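Asker: So you can see what is in the structure, the chains are spelled out below.
2 protein chains.
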Amino acid sequence: MSGSMNQQILLKNRPIGEPKESDFAVVETAIPELREAEILSRTIYLSLDPYMRGRMSDRESYATPIELGNVMGGSTVSQVVKSNHPQFSVGEFVVGYDGWQAYGISKGETLRKLDPNQVPLSYALGITGMPGMTAYFALLDVGKPKAGETVVVSAASGAVGSVVGQIAKIKGCRAVGIVGSDEKCDYVVNELGFDACINRKTQNLDSALKTACPNGIDIYVDHTAGAILDAVLQQINLKARIPLVGLISQYNAEKLPPGPNLLPLLVKRALIKGFLVGDYQERHAEFIQDVSQWLKAGKLKYKEDVVKGLEAAPNAFIGLLQGENFGKLIIQVGDDPTQQ
Amino acid sequence: MSGSMNQQILLKNRPIGEPKESDFAVVETAIPELREAEILSRTIYLSLDPYMRGRMSDRESYATPIELGNVMGGSTVSQVVKSNHPQFSVGEFVVGYDGWQAYGISKGETLRKLDPNQVPLSYALGITGMPGMTAYFALLDVGKPKAGETVVVSAASGAVGSVVGQIAKIKGCRAVGIVGSDEKCDYVVNELGFDACINRKTQNLDSALKTACPNGIDIYVDHTAGAILDAVLQQINLKARIPLVGLISQYNAEKLPPGPNLLPLLVKRALIKGFLVGDYQERHAEFIQDVSQWLKAGKLKYKEDVVKGLEAAPNAFIGLLQGENFGKLIIQVGDDPTQQ
Numbered sequence: 068m069s070g071s072m073n074q075q076i077l078l079k080n081r082p083i084g085e086p087k088e089s090d091f092a093v094v095e096t097a098i099p100e101l102r103e104a105e106i107l108s109r110t111i112y113l114s115l116d117p118y119m120r121g122r123m124s125d126r127e128s129y130a131t132p133i134e135l136g137n138v139m140g141g142s143t144v145s146q147v148v149k150s151n152h153p154q155f156s157v158g159e160f161v162v163g164y165d166g167w168q169a170y171g172i173s174k175g176e177t178l179r180k181l182d183p184n185q186v187p188l189s190y191a192l193g194i195t196g197m198p199g200m201t202a203y204f205a206l207l208d209v210g211k212p213k214a215g216e217t218v219v220v221s222a223a224s225g226a227v228g229s230v231v232g233q234i235a236k237i238k239g240c241r242a243v244g245i246v247g248s249d250e251k252c253d254y255v256v257n258e259l260g261f262d263a264c265i266n267r268k269t270q271n272l273d274s275a276l277k278t279a280c281p282n283g284i285d286i287y288v289d290h291t292a293g294a295i296l297d298a299v300l301q302q303i304n305l306k307a308r309i310p311l312v313g314l315i316s317q318y319n320a321e322k323l324p325p326g327p328n329l330l331p332l333l334v335k336r337a338l339i340k341g342f343l344v345g346d347y348q349e350r351h352a353e354f355i356q357d358v359s360q361w362l363k364a365g366k367l368k369y370k371e372d373v374v375k376g377l378e379a380a381p382n383a384f385i386g387l388l389q390g391e392n393f394g395k396l397i398i399q400v401g402d403d404p405t406q407q
Numbered sequence: 068m069s070g071s072m073n074q075q076i077l078l079k080n081r082p083i084g085e086p087k088e089s090d091f092a093v094v095e096t097a098i099p100e101l102r103e104a105e106i107l108s109r110t111i112y113l114s115l116d117p118y119m120r121g122r123m124s125d126r127e128s129y130a131t132p133i134e135l136g137n138v139m140g141g142s143t144v145s146q147v148v149k150s151n152h153p154q155f156s157v158g159e160f161v162v163g164y165d166g167w168q169a170y171g172i173s174k175g176e177t178l179r180k181l182d183p184n185q186v187p188l189s190y191a192l193g194i195t196g197m198p199g200m201t202a203y204f205a206l207l208d209v210g211k212p213k214a215g216e217t218v219v220v221s222a223a224s225g226a227v228g229s230v231v232g233q234i235a236k237i238k239g240c241r242a243v244g245i246v247g248s249d250e251k252c253d254y255v256v257n258e259l260g261f262d263a264c265i266n267r268k269t270q271n272l273d274s275a276l277k278t279a280c281p282n283g284i285d286i287y288v289d290h291t292a293g294a295i296l297d298a299v300l301q302q303i304n305l306k307a308r309i310p311l312v313g314l315i316s317q318y319n320a321e322k323l324p325p326g327p328n329l330l331p332l333l334v335k336r337a338l339i340k341g342f343l344v345g346d347y348q349e350r351h352a353e354f355i356q357d358v359s360q361w362l363k364a365g366k367l368k369y370k371e372d373v374v375k376g377l378e379a380a381p382n383a384f385i386g387l388l389q390g391e392n393f394g395k396l397i398i399q400v401g402d403d404p405t406q407q
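As they're listed, the protein sequences go chains C and W.
Quick note, the first sequence lines up with residues 68 to 407 if you use this note's numbering.
Quick note, the second sequence lines up with residues 68 to 407 if you use this note's numbering.
No lab work stands behind these hints, which were simulated from the structure alone.
Remember, it's a predicted structure, so these values are computed and weren't measured experimentally.
Incorrect hints may have been included.
Which copy is meant is left open, so a pair is good if it fits within one copy or across any two.
[Unchecked claim] Cross-link-like lysine-lysine pairs, in silico, DSBU-like; alpha carbons within 35 Å at most:
1. K370 with K180
2. K211 with K268
3. K211 with K366
4. K306 with K375
5. K268 with K375
6. K306 with K238
7. K370 with K87
8. K236 with K366
9. K213 with K87
10. K174 with K79
11. K306 with K213
12. K213 with K79
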């Protein structure tokens, strides 16, 4: 601890579009006295992650926005230098959320101790930390990969994507990455063992996906939304699963891209699922039993909009698409002997 | 059977945008001789449904497109007038898929017999047919409503939507409809018993949804995608479920609306699910055990991009958002005593 001064990086301005260095302020501040049960720790490693862009804005995101003038938030690996907490001793290593500063003060509950003899300390910010855990549960718990399936991941050389592809391989899947440079493609295929990789900056995404995924796409771990999601959707297989873990494509956008904004889906861990009734044919009896009963009991009402004559069908159909019908639209083509 | 002539409506042109009457042709054709095991039936009722617009185009949809010059497809209720099939007798009523024509010839496998003493015959095209079954399973099987939750449905006075809202009420939920006229709003609330209804043509969707759904939205049965989905997404609750049963907003579009096209999601019955790793904290041990083992076994590789000095963080973060880092981006803020 160098005297009792701290170095901090504050959020100075809310960025418009891409953040600029002038949106941040580097300051020196005095370290306050420790209160009861508090721990002072020296930051060794700070993790930088795309989600931080969201917290710099004041529109809704994963978490409450960072206030202007406050220290930028972020996960950290640190060493305890002073402790008023019975469970933490000077010299111990911890992972916490001290943010962009050289020293942090925390309550014990937010810290987890690290064993320096297992893996390098910095791994707790990556493969054995939040990004690795994101890859692990997004792929295994939402994606539910089966051997032989094809898994695509965007930002494939990154902290999450690289682990997604490697676990996909461990589970017997075909792993296909999408990245932004040939160097990253090379790394993903030749170092990490992905089956294929696409450079989204130089290749046509549609045809490159077709070539890389000859059996279609079963799982897409999406970091981007936007154009990449759109291209992937064109080639998904029946009952494909798409865990949405990030929306890099719109973090920097001044105006939201057109089309439904999927950010709330992520923030609220919600799901959109395509539905076709044909999948439920074998459960027809269950449906008929309930609905007949509800109809008899007067719990279900039903309104029909009956148009007479087959030749009236085209015009009635045109109106249907404009919402002009009122009730279920039926064309009476011939006589109904039960209604006479 | 009036002589041996049939009246049929054919697809004449693939519509550009909204279908016109001139995209259809009404023709008289001879009814061919019945072959073995075939059934000739007289159409009483023909169902008209929005999905038919998709089959008029040659872009991928629920089913193969209708060929130009062929009879328009559609579900029908009919009476058997001639049968070469042992299981069907003249005079029996059946539901099938004979399409836009006065007489249809089918194999027995595609027909289901109807009991004319249960409910009106035409109900088999609505509340006790595909639309009712869509409402039933989309809400109950994908939506999984719990008493007290809020269910929103678009096209709420229609064949599917009206049943969704009424079943939501039966299950103890708050039911909110979205429709296109005050008359439909009135019907949905006062006849069907929905708790609230929004006229999307005269009301501001965002504020009307806020008023109608004071506790947020837990389930949205989506018939439209596009702008209505976008507005609903802004007000979904944690772990909301959105069964996507139609995309009326884009059936007529000459050019696809901007943003990801969700049609493949429906066609392939796929899912997009928002993911936040914070939900998995209690399963941390499971993750660490697998990943540590895979790291030790050399099955997982990990690359870091370490930048030295806290003051370098803003610039490194700007680069991260542009994909310039290579491996997990870490700022080394202070000395790591384990790496010396």
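Asker: With reference to the structure, classify each hint as holding or not holding.
Answerer: Hint by hint, here is what the structure shows:
In this homomeric assembly, K370 and K180 come within 35 Å of each other (Cα to Cα) only across copies, at 23 Å, whereas the closest approach inside a single copy is 64 Å. Taking identical chains as interchangeable, the C-alpha atoms of K211 and K268 lie at most 35 Å apart only when both belong to the same chain, with a minimum of 30 Å there against 42 Å between chains. With identical chains, the CA atoms of K211 and K366 are at most 35 Å apart between copies only, with a shortest distance of 19 Å across copies and 39 Å within one. Neither within a single protomer nor between protomers do K306 and K375 lie at most 35 Å apart by alpha-carbon distance, with minima of 40 Å and 45 Å respectively.
For the identical chains of this complex, K268 and K375 are inter-copy neighbours only, at 29 Å across copies versus 57 Å inside a copy, given an alpha-carbon limit of 35 Å. For the identical chains of this complex, K306 and K238 are neighbours both inside a copy (19 Å) and across copies (27 Å), given an alpha-carbon limit of 35 Å. Taking CA atoms no more than 35 Å apart as the test, K370 paired with K87 passes between copies only; the shortest distance there is 27 Å, against 59 Å inside one copy. Taking the closest pair of Cα atoms, K236 and K366 come within 35 Å of each other only across two copies (9 Å); inside a single copy the shortest separation is 52 Å, beyond that limit.
Taking the closest pair of Cα atoms, K213 and K87 never come within 35 Å of each other, the shortest separation being 43 Å inside a single copy and 47 Å across copies. Taking the shortest alpha-carbon separations for K174 and K79, only the intra-copy value of 26 Å comes in at or below 35 Å, while the best inter-copy value is 73 Å. When the C-alpha separation of K306 and K213 is checked against a cutoff of 35 Å, the pair qualifies both within a copy, at 12 Å, and between copies, at 25 Å. Within a single copy, K213 and K79 get their C-alpha atoms no closer than 47 Å, and across copies no closer than 45 Å, so neither meets the 35 Å cut-off.
The structure does not agree with the numbered hints 4, 9, 12 stated previously, though it agrees with the rest.
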